[in-house]
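Undergrad: Protein chains in written order, with my numbering: chain A, 1 to 344; chain B, 1001 to 1344; chain C, 2001 to 2322; chain D, 3001 to 3322.
Be a bit skeptical, because a hint or two may be false.
Calculated cross-link-like contacts (lysine-lysine; reagent style DSSO-like; alpha-carbon spacing at most 27 Å) [said to hold, decoys possible]: (1) LYS3046/D to LYS3015/D; (2) LYS2310/C to LYS1273/B; (3) LYS1148/B to LYS3015/D.
To be clear, the hints were calculated from the coordinates, so they are not data collected in a lab.
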Amino acid sequence: MLQTAQRSSKRSISKKAPPHERFLEAFRWMLLARTLEEKLVSLYRGGLITGGVYVGRGQEAVSVACGLFLQKGDVFAPLIRDQAGRSAFGEPLVDVARTYLGSRQGPMRGRDGNIHRGRPRDGQFAMISHLGAMISVAVGALMAKRFKGEKNFVGLTCIGEGGMQTGSAHEGLNIAAVEQVPLVVVATNNHYAYSTPNEREFACHDLVDRAKGYGFEGHTIDGTDLANCLDVIGGAVQRARAGRPPQLVVASILRLSGHGEHDDASYVTEEIKREPFARDCLKCTEKTIVDLNLAGTETLREWREDAAAQVDRAISTAQKEAAPEADEEDWRAISMRDLVDQVE
Amino acid sequence: MLQTAQRSSKRSISKKAPPHERFLEAFRWMLLARTLEEKLVSLYRGGLITGGVYVGRGQEAVSVACGLFLQKGDVFAPLIRDQAGRSAFGEPLVDVARTYLGSRQGPMRGRDGNIHRGRPRDGQFAMISHLGAMISVAVGALMAKRFKGEKNFVGLTCIGEGGMQTGSAHEGLNIAAVEQVPLVVVATNNHYAYSTPNEREFACHDLVDRAKGYGFEGHTIDGTDLANCLDVIGGAVQRARAGRPPQLVVASILRLSGHGEHDDASYVTEEIKREPFARDCLKCTEKTIVDLNLAGTETLREWREDAAAQVDRAISTAQKEAAPEADEEDWRAISMRDLVDQVE
Amino acid sequence: MSITYLEAIREAQAKLLRDDDRVFIYGQDVGGSFGGAFKATKGLAKEFPGRVLNTPISEDAMVGTAIGAALEGMRPIVEMQFADFSSTALNQILNNAGTHYWRTNVPVPITVRLPSGGTKGSGPFHSQSMESLYAHYPGLIVMTPATVEDVYTMLIEAVAIDDPVVFCEHKYLYYHLKADKLPTEGLPTGQARIAREGRDLTIVAYSAVLHECLAVAEQFAREGFEIEVVDLRSVKPLDTDTVLASVARTGRLLCVGESFPWGGATAEVIARVTSEGFHLLDAAPQRINARDTPIPYHPNLWAAHRPNAKTIAAKARNLLQE
Amino acid sequence: MSITYLEAIREAQAKLLRDDDRVFIYGQDVGGSFGGAFKATKGLAKEFPGRVLNTPISEDAMVGTAIGAALEGMRPIVEMQFADFSSTALNQILNNAGTHYWRTNVPVPITVRLPSGGTKGSGPFHSQSMESLYAHYPGLIVMTPATVEDVYTMLIEAVAIDDPVVFCEHKYLYYHLKADKLPTEGLPTGQARIAREGRDLTIVAYSAVLHECLAVAEQFAREGFEIEVVDLRSVKPLDTDTVLASVARTGRLLCVGESFPWGGATAEVIARVTSEGFHLLDAAPQRINARDTPIPYHPNLWAAHRPNAKTIAAKARNLLQE
Ligand SMILES: Cc1ncc(C[n+]2csc(CCOP(=O)(O)OP(=O)(O)O)c2C)c(N)n1
Ligand SMILES: Cc1ncc(C[n+]2csc(CCOP(=O)(O)OP(=O)(O)O)c2C)c(N)n1
Ligand SMILES: [Mg+2]
Ligand SMILES: [Mg+2]
């Protein structure tokens, strides 16, 4: 599976294909994300990545559904656990490798790293760390499209249950509803914000209860169940595109990694690990594929190899590339050369 | 009615008195607030008040209910339309006069003005202008009381429907629920934030729909109906005091003034002025009193005169007092003298 | 015809809306029949339907929305109701708009209008001058126009600039300052202006206090002292060259600004002049800022909190006598 | 025994919790078995049940809550996970805590801990030094400890102070800096320290870059130059007297800070020294700050973005040769 080929053919597949083909396509993106992130983790452990590595392990089913239904002309503002969705929306694998490895040829050119990457010109926004801040940015992009007379577009943005508690998220959600933009917000409750469990994050029964208070339509999903994720997120995207109010999808899942790879997550209780939402969505999906015989073991093996090959290619490309050098850097924070302040 | 006398006897009245006595007491605070604010407006029109005048005209029934059920040891974080509640909670009238007139003997000593006043040591917080910011402050005060082992206390804070859209309000509401403090939040939807009508403020059906999303108990009231305000806000205070979750009360009303007295409110539509929530709560209350013969016209006249006399006394006291002078001001923003930075 | 500073802001926005489809105005109470707390957008919602939009009280989201719209090709103007409330949008301004070009190579052409500075009786939360906060962080242009002409041309320029602009317009000048007509062209952004020529002392100022400085210069002229007054126009970029050239002529420097004293624009000017033009100075450079307390409500205190003709004149006299 | 800068922060907090019932710690991930993103509160939740509390991701409310608790007699310590995220609490810090005493006569004894400054690979949003933002506004004490001893005694002092303190602890020093033991007493708040004596040049610094400056001084000592290094300890109050006295001895001034260049602590120091001690200077004062761009992720860029031994030495050499 060549990523580019996959990408160009994707849209027709995901929209028109029978459910099981879309299911399989989604699985392959999940597999690719998992494979990539495992590789990043091993590079990090080997001291080859500076800073941190943040993975979406266990959240691939939710994430892939976020990317899969978006088309060219849509906007996507992903967050830290969205490798699967980013790839499905069309982010080249090499962007990830270059950003993590600090290649000067990456979209961030070593200026920013890890998950802080994007291609705003292609509708994929580059998150800032401050949680909640990207929701209103997505709203603005959709307003712009409406101003420009574009049609049939939609925006999707992701957030964690922790990020939902920021003032910025609240203002973004509310303004989305006031502006009635075609936005889908996918809030993944992975039961921890870093080490903090739900009971110190919020006190409502279910975060989907927030939807009504904003004038959103609310939905919940089981984040371990790919079919459910595709069904509900796909539906939400369709509803937003069709002019319904903004959509809030709340997914339930357990983060199957540390907050970042520096974190051993020893605070995650054994009890919670036994919850149904703690299952590994990738394994669940694979089991479904095998049980329903949607693909044979040989095919699965091929897919796995293909994913590994793609990842290796991306990583080795980036590894060959030069790092940014301070004396080649122009140290200008603004685009207009004449207006750069000469301050030391 | 001497305010001090009234104040000291108040608590027993409001708690134990039969409903109609509490109703009458509330009416007198409303009348006092209206009388005071009308006086402030006329001083402002006469050029005797610098800056702005912000009144709670039409919101007195909601506001008085906010102050009336609070006791010594409780905390109250009022907002700009809360004259009735402030007085009912025990703010001396002369504080208002001194702050508006810039007397150096007021609690703000000319440093801050108009509704930006308070007596934090007495549990009455001094709002900052930035809307939403006082909710978490009230939460912190209640946490402190719990830390200190105090019992049977409650906090109440007010906000407009506009202020509910700030990130700060969201974080404050959420953290109140997480900390399970005995807080009542009274959100008054007076249908405008300055000139902005509801449809550009939020998109949910009713702001009380937010309660569930925070884990608050939610209630709605007709802000023109004093009995309803007393009933529901009194009940909410009681529930919070009894250890129930935080309480959100959403009142519906029309602001019967400009945003401030500089504003002619010409943007308020004729249509909305015909809505039931546009009635003047003070007139409605008076009508009830007369209809049910809770007090005679003579008594009503006496009360009115008493209110006017109290207001005159407060204003004339403040008017006789000196203004702050720059060369007597010590220009220190911190309390610890040794640590003042010598910067020019 | 006579036009105020405030009207010039309105006219600039009318022109921008008229000439450029990409422009829209976003802020609390800017729309409807109301036209803003100060009427800087009066009538514009009617003249440009759907392009002058009231927002919820959500400063963070207002700026976030503008950023997103700018990334999709629009040129939004965000009006803060008062500069002071931009504190709740500061994260979006500094960390999102301010970093975006550097991080992604895609600039964010937003203009954030801050009705700034003190007026009598406005108190701690409706009087602030925040230019020094914004100028401290990388990635932003910070304009501080002091004249009717500048506020007009610079606002038009601000929207044309591909990078985020924090536009600090001074509320005290809204009604007080008038011009006969609006110019078609102004000085380029980043170029300071010699507002008055002189040879004995350079006063560097910007925004409303410029006029206090000019009045002081006038007063000293009667005594035979010629004070040169430099209007920075924008505090970032800050036109060090023009300031240095002036100090080269006069040998003396006084910086006046209305923001808080610690580390503000005046400290920045002095640091630049002394490190790059130390030998030009014949006397210790001096500065006057607002005092290091919140901005007082009472007019008596307020008048003594900000730089005023008396404090400026006293410092100027000291400098001239040294 | 050997104790790191980070352990000293933990020990100070343990002592505070032990000695003073009014103290509690409030922040993201500070509680439970976790003890904070940097482990500055490791074990404290267990040792002091109910007094080390995890919060939602709500910086504004964290500080607002602390303000309310302080008004009711508590002494809260708020931990920001990274200084950078305090941008979303800035309004509460500047406009609520910072104005409260002045407005109401009731002080607000909160301490806000900001894990500050750059470390390799942390990028634009996990590396900021925000002392200059906070020091610009009235009403706050801004501490910037550079040593293990200071971080310990100053944190204890911060909580004892009746006014709001922004406590800028440097992440780079967390593990890198060690001391043999913790002191029982430190210098008073607001007093700078001569970190190294000299006669040829004064370098004024604070926080992590102090150590780069000391290394440079060491290096120059081998060439026979004696550089005096002043550690400001707190940038507000800023101890102008100690700085002036040093410049009086050396005649030369270099200021080094890690915050962004426009209008930061270094500009403030230069403005004070030149306006109050102009005649003491034999050469133009100089400064080195971080560069005027966001803080880069890549170590190659990061090392060149902040002041470092090379850039400091080069400026020092220029100054010494003038
Ligand atoms: C405003 C803000 N405060 C603090 C942080 C530090 N931080 C980064 S991720 C994180 C936890 C996020 O939890 P959640 O939103 O549930 O997402 P998850 O990591 O679980 O996917 C925190 C506290 C931040 N990024 N932004
Ligand atoms: C954060 C913030 N932004 C803007 C303002 C300016 N402002 C003051 S009152 C007001 C309208 C408030 O509306 P609402 O909350 O509905 O209260 P009401 O005035 O209707 O009682 C606005 C926009 C403010 N005080 N705070
Ligand atoms: Mg989470
Ligand atoms: Mg309202």
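Undergrad: Sort out which numbered hints this structure fails and list those numbers smallest first.
TA: Going through the list in order, the structure violates hint 2 alone and respects the others.
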